[in-house]
Amino acid sequence: MLKVENISVRLGSFSLRDVSFTAGQGGYLVLLGMSGAGKSVLLQVLGGLIRPDGGRVILGGRDITREKVQKRGVGLVFQDSALFPHMSVYDNIAYPLLSRRIGRSGLRRRVLQLAGITWVDHLLERSPRYLSGGEQQRVALARALAPGPEVLLLDEPLSSLDVQLRSDLRMLLREINGRGQSIVHVTHDYEEAAMLAGQIGVMEKGTVVQTGTAAEVFSDPRSEFVARFVGIRNFIEGTLVQSTGTLKNFIAGGISFTLLSDEPPGEGFVVVRAEDIIISASKTSSSAVNNFPATIKSVRPARVGTEVIVDIGREMGALVSEESVASLRLRPGKRVWISFKASAIKYIRG
Amino acid sequence: MPRNMIQVIMRDLDAMRLVFILLGGLVLLFIIAPLAGMFIATSPAEFFETAVDREVAESIGLTLWTSMLATIIFGIAAIPFAWILARKNFPLKKLVSAIIDVPVVIPHSAAGIAILGFVSRDTVVGRLGESVGLNFVGSAPGIILAMAFVSIPFLVNAARDGFAAVPEKLEKAALVLGASPARVFFTISLPLAWRSIVSGMIMMWARGMSEFGAVVIVAYHPMITPVLIYERFGSFGLAYARPVAVVFICVCLAFFVLLRMLSSKYDNAES
Numbered sequence: 001m002l003k004v005e006n007i008s009v010r011l012g013s014f015s016l017r018d019v020s021f022t023a024g025q026g027g028y029l030v031l032l033g034m035s036g037a038g039k040s041v042l043l044q045v046l047g048g049l050i051r052p053d054g055g056r057v058i059l060g061g062r063d064i065t066r067e068k069v070q071k072r073g074v075g076l077v078f079q080d081s082a083l084f085p086h087m088s089v090y091d092n093i094a095y096p097l098l099s100r101r102i103g104r105s106g107l108r109r110r111v112l113q114l115a116g117i118t119w120v121d122h123l124l125e126r127s128p129r130y131l132s133g134g135e136q137q138r139v140a141l142a143r144a145l146a147p148g149p150e151v152l153l154l155d156e157p158l159s160s161l162d163v164q165l166r167s168d169l170r171m172l173l174r175e176i177n178g179r180g181q182s183i184v185h186v187t188h189d190y191e192e193a194a195m196l197a198g199q200i201g202v203m204e205k206g207t208v209v210q211t212g213t214a215a216e217v218f219s220d221p222r223s224e225f226v227a228r229f230v231g232i233r234n235f236i237e238g239t240l241v242q243s244t245g246t247l248k249n250f251i252a253g254g255i256s257f258t259l260l261s262d263e264p265p266g267e268g269f270v271v272v273r274a275e276d277i278i279i280s281a282s283k284t285s286s287s288a289v290n291n292f293p294a295t296i297k298s299v300r301p302a303r304v305g306t307e308v309i310v311d312i313g314r315e316m317g318a319l320v321s322e323e324s325v326a327s328l329r330l331r332p333g334k335r336v337w338i339s340f341k342a343s344a345i346k347y348i349r350g
Numbered sequence: 001m002p003r004n005m006i007q008v009i010m011r012d013l014d015a016m017r018l019v020f021i022l023l024g025g026l027v028l029l030f031i032i033a034p035l036a037g038m039f040i041a042t043s044p045a046e047f048f049e050t051a052v053d054r055e056v057a058e059s060i061g062l063t064l065w066t067s068m069l070a071t072i073i074f075g076i077a078a079i080p081f082a083w084i085l086a087r088k089n090f091p092l093k094k095l096v097s098a099i100i101d102v103p104v105v106i107p108h109s110a111a112g113i114a115i116l117g118f119v120s121r122d123t124v125v126g127r128l129g130e131s132v133g134l135n136f137v138g139s140a141p142g143i144i145l146a147m148a149f150v151s152i153p154f155l156v157n158a159a160r161d162g163f164a165a166v167p168e169k170l171e172k173a174a175l176v177l178g179a180s181p182a183r184v185f186f187t188i189s190l191p192l193a194w195r196s197i198v199s200g201m202i203m204m205w206a207r208g209m210s211e212f213g214a215v216v217i218v219a220y221h222p223m224i225t226p227v228l229i230y231e232r233f234g235s236f237g238l239a240y241a242r243p244v245a246v247v248f249i250c251v252c253l254a255f256f257v258l259l260r261m262l263s264s265k266y267d268n269a270e271s
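Sequences listed follow chains A and B, in order. Here the numbering used here is used: position 315 in the first sequence is 315, and no number is missing along the way. Here the numbering used here is used: position 127 in the second sequence is 127, and no number is missing along the way.
Rather than coming from a laboratory, the hints here were simulated on the basis of the structure. Heads up, a few of these hints could be off.
Quick list of in silico lysine to any residue cross-link-like pairs, SDA-like style, CA-CA up to 20 Å [claimed, not checked]:
1) K346/A to V271/A
2) K169/B to G133/A
3) K346/A to T258/A
4) K68/A to D161/B
5) K283/A to K297/A
6) K88/B to S159/A
7) K68/A to S180/B
8) K169/B to T258/A
9) K68/A to P181/B
10) K169/B to D262/A
11) K68/A to L170/B
12) K94/B to D161/B
13) K169/B to V271/A
Computed from a predicted structure; not experimentally measured.
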């Protein structure tokens with residue numbers, strides 16, 4: 001278990017203030033925040049590359065706040081993989097093992113095992129210079145796993161990859177986590193966070209402002225950052241089920257949404273942007289396939305327009321203009337219909 | 001040459017480029033002409049006679065091994081120092097960097113005077129050397145010191161630039177992977193900066209080998225070749241100094257080309 005208590009760092013004009021969180025044994029914690037929120041600095045503090053001004057880092061019951069970098073028992077994968085360009089893939093993976101007395105055959109066995117897990121066994125003799133971005137990250141993962149770290153720290157490991165490679169690497173990360181490896185992963189991509197995280201910690205301006213499961217954090221955002229990214233309140237956890245044709249159904253707490261997706265059925269999340277939800281006084285016929293009777297719970301001004309929270313069996317937020325509020329006479333308690341198109345729903349595989 | 005290629009060349013030759021090429025040619029000629037003149041003025045017979053002259057051969061041998069030893073001995077201290085300059089911030093770092101360049105900007109005779117004053121028999125260093133059997137004045141160790149003094153900036157600066165070009169992230173990654181700082185230096189920083197370091201060592205060695213001013217003051221005897229050339233010129237005139245200069249230049253160039261070839265072969269093997 002990784003326990004971070006009140007970590008503070010000042011680096012020029014940037015600072016981390018009172019960062020605290022706990023990452024459970026074998027868990028997958030994603031620290032989500034915009035660039036400049038302090039995620040990378042925090043990882044370097046955990047890795048021992050930056051010494052904090054205050055606070056404690058406790059890993060597996062051991063206080064490692066001031067422990068030497070090489071003795072902390074953490075693995076760190078950088079955004080751009082940081083492979084050693086003058087060594088082969090094999091030597092890169094073997095690098096952390098060379099200072100351990102495991103013998104030549106033991107070393108070879110371990111490198112081959114790690115290369116197998118990360119699907120790089122066919123690249124062992126190659127130079128990292130000639131690998132694709134995805135291959136480099138997989139080698140970096142194998143290398144970071146080699147010493148058997150208690151926790152694996154990942155600094156935006158997917159952000160330099162294209163869509164297909166991301167999906168492959170995500171699968172690999174899940175698999176590694178599934179083998180019991182604790183992971184702390186920082187990213188600015190909320191979809192990545194939703195897909196991978198057991199726990200999410202939202203970072204803003206040098207501190208952790210909210211922690212919880214993806215559903216908790218996104219459906220009840222307590223920071224501008226999350227609210228702005230996922231729309232307001234419309235982050236819904238549930239199950240994607242097969243339906244007819246290209247349309248699929250997503251079931252969440254007895255409510256069924258209809259959406260377009262080529263993802264296989266399974267657990268996941270859907271996101272509907274508040275801007276895409278239409279409020280009407282009565283049921284209308286349109287191309288929108290999601291139509292729900294709703295009761296208005298609150299009407300309040302947003303930064304632009306007006307935020308209307310309605311109840312359809314669960315809360316949904318819609319963003320409408322002040323003119324619409326006036327012409328439809330929207331007020332709490334009023335019964336209305338909300339509708340949105342199947343294509344307005346974004347599905348994120350959990 | 002095919003006609004369209006000539007056309008391409010002619011089209012690219014605008015007036016400005018012609019002027020630049022002309023100026024470049026003049027600079028090249030300025031370097032080549034005196035050297036070529038010296039070679040032409042030396043007959044093959046003179047050349048071989050000088051090459052087997054015992055005094056000349058011994059002098060060239062002395063020059064080569066003292067300059068190499070100067071590079072190796074001081075390189076061992078200069079390379080880790082260059083790493084510190086590239087990686088660490090400390091008070092007065094700018095001043096330290098400026099001090100490194102001092103030997104390049106002061107007159108080399110002045111450098112010789114400074115070294116002589118530092119190592120002569122009545123100084124602490126001189127006495128210390130004498131107690132272990134090292135006499136710095138008029139001896140090979142003195143030559144090594146004088147050569148190192150004027151040539152070490154070339155190695156420190158090249159090695160520092162080489163280390164600075166190694167991404168710091170790689171060193172951090174190695175530390176996190178459990179390597180000790182010493183292992184990180186020897187397995188990551190040093191190999192990745194090696195190209196610049198070798199190039200700096202070749203420059204330091206070449207600069208030390210060609211040093212005259214500082215060495216002549218610390219050690220007129222035993223005579224390194226630049227001093228021998230000067231002595232023959234002073235005692236017998238141009239015609240006697242020239243063949244020695246030509247032989248020495250040939251030896252230097254041969255070594256220089258050989259070392260460059262070896263180091264570029266290493267580069268290719270690495271990449």
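Hints and how they fare:
no.	hint	result
1	K346/A to V271/A	5 Å, holds
2	K169/B to G133/A	17 Å, holds
3	K346/A to T258/A	11 Å, holds
4	K68/A to D161/B	28 Å, violated
5	K283/A to K297/A	19 Å, holds
6	K88/B to S159/A	30 Å, violated
7	K68/A to S180/B	9 Å, holds
8	K169/B to T258/A	47 Å, violated
9	K68/A to P181/B	10 Å, holds
10	K169/B to D262/A	39 Å, violated
11	K68/A to L170/B	17 Å, holds
12	K94/B to D161/B	15 Å, holds
13	K169/B to V271/A	37 Å, violated
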